[in-house]
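Asker: Chains as they are written, first to last, in my numbering: chain G, 1 to 417; chain U, 1 to 528; chain A, 1 to 430.
These aren't lab readings, by the way, just hints derived from the structure by calculation.
There may be inaccurate statements among the hints.
Claimed, not checked - With beta-carbon atoms standing in for the labels, derived distance ranges:
no.: 1; chain 1: U; residue 1: GLY77; chain 2: G; residue 2: ASP216; range: 32 to 42 Å
no.: 2; chain 1: G; residue 1: ARG331; chain 2: U; residue 2: GLY351; range: 44 to 54 Å
no.: 3; chain 1: G; residue 1: ASP216; chain 2: A; residue 2: PRO397; range: 52 to 62 Å
no.: 4; chain 1: G; residue 1: ASP216; chain 2: U; residue 2: PRO345; range: 57 to 67 Å
no.: 5; chain 1: G; residue 1: GLU289; chain 2: U; residue 2: LYS161; range: 37 to 47 Å
no.: 6; chain 1: A; residue 1: GLN270; chain 2: G; residue 2: LEU267; range: 43 to 53 Å
no.: 7; chain 1: G; residue 1: GLY382; chain 2: U; residue 2: PRO74; range: 48 to 58 Å
no.: 8; chain 1: G; residue 1: LEU267; chain 2: A; residue 2: THR430; range: 35 to 45 Å
no.: 9; chain 1: G; residue 1: GLU289; chain 2: A; residue 2: ARG121; range: 49 to 59 Å
Stated by the list, open to error - With a straight-line cut-off of 35 Å between C-alpha atoms, the simulated DSBU-like cross-links for lysine-lysine are:
no.: 10; chain 1: A; residue 1: LYS96; chain 2: U; residue 2: LYS323
no.: 11; chain 1: U; residue 1: LYS161; chain 2: A; residue 2: LYS102
no.: 12; chain 1: G; residue 1: LYS288; chain 2: A; residue 2: LYS96
no.: 13; chain 1: A; residue 1: LYS424; chain 2: U; residue 2: LYS308
no.: 14; chain 1: U; residue 1: LYS158; chain 2: A; residue 2: LYS160
no.: 15; chain 1: U; residue 1: LYS323; chain 2: A; residue 2: LYS283
Fair warning: this is a prediction, and the values are worked out from it, not measured in the lab.
Every residue gets a Cβ at the ideal spot worked out from N, C-alpha and C, and that includes glycine.
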Amino acid sequence: MPKLDFAPDHGQLRSHVSLRTTPFHPRTGPLSEGQAWRRWAGYVVASSYELSHDREYHAIRNSAALFDVSPLYKYLVTGRDARRLLDHVVTRNVAKAKVGQVLYTPWCDNEGKQIDDGTISVLDEQTFRMTSADPTLRWLHLNSSGLDVQIQDVSDTTAALSLQGPSSREILQLAAERDLSALKYFRLTSAKIRGIPVTISRTGYTGDLGYEVWVDASRAVELWDALIETGTPYGITPAGMLALDVARIEAGLLLIEVDYFSSRHALIEAQKSSPLELGLAWTVATDKERYNGQAALEAERARGPAWRFTGLTVDWDSLELLYATVGLPPRLPTQAWRTSVPVYADGRGGRQVGYATSGGWSPLLKQYLALVHLESQFAKPGTELLMEITVEHRRKAAHARVTPLPFFNPERKRGGA
Amino acid sequence: MKQYDAIIIGGGHNGLVTAAYLARAGKSVLVLERRPRVGGAAVTEEIFPGFKFSMFSYVVSLLRPEIIRDLDLPRHGLHILPLESTVTPMENGNYLAAWADHDETRRELYRHSPRDAEAYDEYGHLMHFMARAVKPILSMVPPDPTSFAPGDLAGLLKLGKHFRGLGAERLHALVKLMTMSSADFLDEWFETDVLKATKSASGIIGTFLGPRSPGTAYVLLHHYMGELDGVFRAWGFAKGGTGAVSEAIASAARGFGAEIRCDAGVSKVMVKSGRAIGVALENGDELRASTIVSSLDPRRTFLQLLEKGDLPDDLIGDIRRFKFRGSSGKVNLALSGLPKFACMPDGGPGGRLHRGAVSISPSLDYVERAYDDAKYGEFSRRPYMDIVFPSMIDPGMAPPGKHVMSIFVQYAPYNQNGGWTDAKREAFGDAVVNTVESFAPGFKSLILHRQVITPLDIEKITGLSEGNIFAGELALHQLFFLRPAPGWAKFTTPVRGFYQAGSGTHPGGGIMGASGRLAAMTILKNGR
Amino acid sequence: MTAKSGEGRRVDVVVIGGDVNGLVAAHYLARAGRRVVVVQERREIASEWETGWVPPQIIRELGLATPRLRIEAPDPWITAPLSGGGGLALSRDVAKSAEAIKRVSPADAAKWPEFCARMHRLAGVLEALYLQPAPDVESRDVGELIRLGRLGMRVRRLGKQTVIDLLRILPMSIAELLDDWFESDALKGVLGALGVWHLKQGPRSGGTAFNFLHHHVGSAVGVFRPPRSNVREVLEGLPGVEVVQGDPPPARVVVSSADPKTAFEPYQAQLDPEFMRAVHNIKARNCVVRGSLGGTPPGAPQCVAPSLDYLERAYDDAKYGRPSANPYVETFGNEIHVQYAATVDSGLESRVAAALGVPAYQVRLQTPNGHLYHGELTLDQILFMRPVPGWSRYRTPVPELYLCGAGTHPGGGIPGAAGRNAAKVILKET
């Protein structure tokens, strides 16, 4: 096991505790108007650069938003058995993945309960980059006994930017001086941006056309400058986590610790979920060798999961009516929320059949959206339910309809140029 | 002569807790303390002018929150301040730190081992569960496994149910914690030696065992107990020193009407036809009460306060076999300034080092060797030490700009070869100071005053047999229904009306107060 | 699994490992009508003797009580040199031992009969536990709960003193236990040695009192050394199962008497990593080296462990990864048991020779191949915690694989008990 030394901090942020800043901090630091930072995996990143995140959100859907996603945990898995190890750990079929492919995948414990989710990039036949929300080094090691594989934690030495939005391709093409129209959804390529070696993957957390650019931490600032310079005429906008949160709800993308708990951190069984309960059935491969949780997941698939994770659209008229009774127009939070909110069956005295874990107003769809866990029988698209809402200090229930995810799914996300 | 409902022998924190609960229930209560002040081993004394010391016990870890609430202790001056961090200087000049901030601690661990940084979270997760599993046992009167009485059978059944309710994984972890050495237990999780050393050091406090001795893993749990109670940190200081805890409980007891008399040592419990009727003081006075409670340790409770004829032979044998084996000492220093530790000369970001604990446990072998010395009857030449600077948390403990330094030292065997003498005591003090000096060069020149306390001193001053700070070793065969003796772990004694309430009873250990509280509950229940 | 030697045949059960546990399991299964093949590995020639008590049930049920079976129970069962010259010889006769002890301590001699009786009673409780699968404390099964309850009542019926002794003594160190009873260093050394037998712990370590009792199980009152026998040889000559070398034929059930780490290795890809972590965490730290003594073997077994401190210091070296400077040495016939040493270093043979007072060339030691017990008998590795927590019933997470070796309940030093228990479970479950 290599003893990694910490890369030096990239500029100091004054704080009671010594939190780490990312390699982009020399640029992102001065941009932050309100000094609104939030923690992410032991780093601080911007909540929003401007005092309000509105403009940053619209950049995602209108032009291009630039996010610093360096705090993601990143592991380089190499060696003869690298593919075998990853295939053994995650639910997707890594054995079949082609070089240049990126897989989004969850991974589970032996009981088929989800530990985390992330991506696996196939860099070459024996080199894989895995990203995760939680530290995963130990789990990979535990799974690697007897395998010829090296696992390197490159979280500190690899920086990453996410460029998301309709203009992202044009900006990147200009910056990298090459055509990216052939780069398909969830594929990657290596490239050079102003001489800086990078990996570009067509991935992201917004459900839009977008790319993530992976770079050695030592060249991070140069990369930032190059993209900002190239992108400015196209409306490139540095954006923070608040804007991202709205976009990821529209895209129906899960957030660990918010929409589900890692089975390794759950305090009680009921807090654990399987990928089948989290709307990730498509990631649980049926055509692969043994992997962690396989037996449990196959059994669960056969009997049908008890819970489903899906979308809920709150009925606007119902909302308006609830507010009208107290003499107010509907007032909704300006930011996405992450609290647990009860969802009931429709009808008088309808019992609780689920709960929403994230939600908020979609400025694009002009709809009040929530991501919900529902008992399976209530999860069919179109099912009418009630969601709790607090109107002037009092609990009410607004009508809402089960909506398949994603709420917003533009053609450009997967489409060609 | 006034007839009291209850007389409590010993004004240590457990005795005071019992007194307060009994008084709160409307009983007339008298506490008799041999020393001029209450507190027992939890006292604050101004040993040198201007410098106040928590003489013996120095951190408040486990004081039951229900006691704080029931007795409304903050109103009586109790304020427990968090101990923010632990820094372990290593012999190669490096260090290991655990800071208050989780991200920061993770990063610090990562510096030593990325895998351990992850294991630490999972370990913490498990320990959190285990602490939850053990907690109900701490607040339970132990059933007697040899008895066929319905109450005991029900208690055993409840206990069995509780354990089975834990689920397989946690039950196994509990068995491991109860039986393994802390070094072996930690080996299953971590690879960083200094991390294992520092964690396991907390498992040996107050025992005559080394980190590789089975039975030490259980105490690892104590670190996680506090969190369950919504306490910010598991370890803390009482403002004004640990004496302030005793004072607050005493004040609460007085508030409920209890009478507390100092300089009133008890020589005997008076027994008449198998029933306690009062106590005889050292000055010859006699006082009467229908209930007598001893908060002294089991040896003094049974073998000193009572006559041989009052007790069955096998109990006398069991109490004689009960292990005390004091193994720790204390060095209290008045300093002209803060020492600089070579591993972190600036005291860390914001000078935090001195606001937390400094643990001298640079490696497992280091701590184990310290034990080896004691095993053969010598104090450790290079001891394990837990150092805190109370004046950094509560500036009132020392004159402005000056500091007090509290050094808990292990091992110093009660049965030092050749016995403890003044010269041996000073040699022990020198070993302590010289070891600190090796990690903090120049430290010795800051010392204004030095007080060295051996287990023999602890015994002489507080009365704790063999100077054991827990009033009896916290070893597996001296816990729960075996504390202090099989058949007599329910706070009662063979003498009717005579109860035990000290740390030598279940659950015992530290400034916890649970024994005192459970004893009071038992007395009130029996009195109904 | 590929079959070469067994190509074309089908058997019901393959037993991997031709040691006593493997052979016992194989014979029980064969007697119940299963077609059994034992795959023998290359035999370690450590000893012709099997150390430990062979439960009489096995001898009876498998018909081992032939003239070939020899069970060595020497009398005196141990002799120990005394520092002042002469020796302490402990005999199978309690009164005779007391006479011998009287010469070192009359007080100890007076307590000897009661000590022997108490220990024998406690070992009896273990004996009952050992001849069946470990109690399953997590079970929700009514039958198992009844069995647990019966076990509890049975223990409680032994009387208050036995219950208290059990609770108090099991977690204790052998030093604490012996200090409670005796004053003679020589006597405590001889007895203390059994407490650390095959354990990388010193006599002051908790749980060594249990280890002491474990090795007393099945012995006569007042005998604190396990017997030795040629039971393996007898089993090898017993007809009914086929013993092959090399690759096993395909079978529905595989039973392995190998140590758990080895047994699970071929399966690790299909096992829960948390389970494999538990397997890797099994403590099986080598601390015993065995060998042979040249020349005429001494008449009675000898023990060089003159005091508890001597044992403790021998262990101190081991704690820091060194072989003992002054090891604890014991002989039985011409066999030598040396503790603590994980390997044979250059000076060990001469140190052992010095301890025994024989010329160095007469001592030949061998570095062992793994821990004899496949897992130390510490309190966290017995009963339902053995070999790994939750898998004490011989079955494993691999559906076709069962374990039956010393790494399973009741552990080493009781040859055949695990094999017999495992066979019974397999017969019920497959």
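Asker: Okay, G/LEU267 versus A/THR430 on CB: inside 35 to 45 Å?
Answerer: holds (39 Å)
Asker: Do the alpha carbons of U/LYS161 and A/LYS102 lie within 35 Å of each other, as the hint requires?
Answerer: violated (49 Å)
Asker: If I claimed the Cβ atoms of A/GLN270 and G/LEU267 lie 43 to 53 Å apart, would that claim hold in this structure?
Answerer: Roughly 30 Å apart at Cβ, these two residues miss the hinted range, so it is violated.
Asker: With the threshold set at 35 Å, check whether the alpha-carbon distance from A/LYS96 to U/LYS323 stays at or below it.
Answerer: At roughly 33 Å apart (the allowed maximum being 35 Å), U/LYS323 and A/LYS96 satisfy the hint.
Asker: Is the distance from the Cβ of G/ASP216 to the Cβ of U/PRO345 consistent with 57 to 67 Å?
Answerer: Check failed, 34 Å falls outside 57 to 67 Å.
Asker: Just tell me: holds or violated, for the beta carbon distance of G/GLY382 and U/PRO74 against 48 to 58 Å?
Answerer: Holds: the Cβ-Cβ distance is about 57 Å, inside 48 to 58 Å.
Asker: Would you check the hint for A/LYS424 and U/LYS308, treating anything up to 35 Å between C-alpha atoms as holding?
Answerer: Not satisfied, since the Cα-Cα distance of roughly 54 Å exceeds 35 Å.
Asker: Is 49 to 59 Å respected by the C-beta to C-beta distance linking G/GLU289 and A/ARG121?
Answerer: Given about 55 Å between the Cβ atoms, the range holds.
Asker: Could you tell me whether the CB distance from G/GLU289 to U/LYS161 stays inside 37 to 47 Å?
Answerer: Roughly 42 Å apart at Cβ, these two residues keep to the hinted range, so it holds.
Asker: Does the structure keep U/LYS323 and A/LYS283 at a Cα separation of 35 Å or less?
Answerer: Holds - the C-alpha atoms of A/LYS283 and U/LYS323 are around 29 Å apart, at most 35 Å.
Asker: Please test the hint of 32 to 42 Å on the beta carbon pair from U/GLY77 and G/ASP216.
Answerer: Hint violated: Cβ distance 58 Å, outside 32 to 42 Å.
Asker: Indicate whether the distance between the beta carbons of G/ARG331 and U/GLY351 respects the range 44 to 54 Å.
Answerer: Taking Cβ atoms as reference, G/ARG331 and U/GLY351 lie about 47 Å apart, which means the hint holds.
The structure fails hints 1, 3, 4, 6, 11, 12, 13 (numbered hints given earlier, in ascending order).
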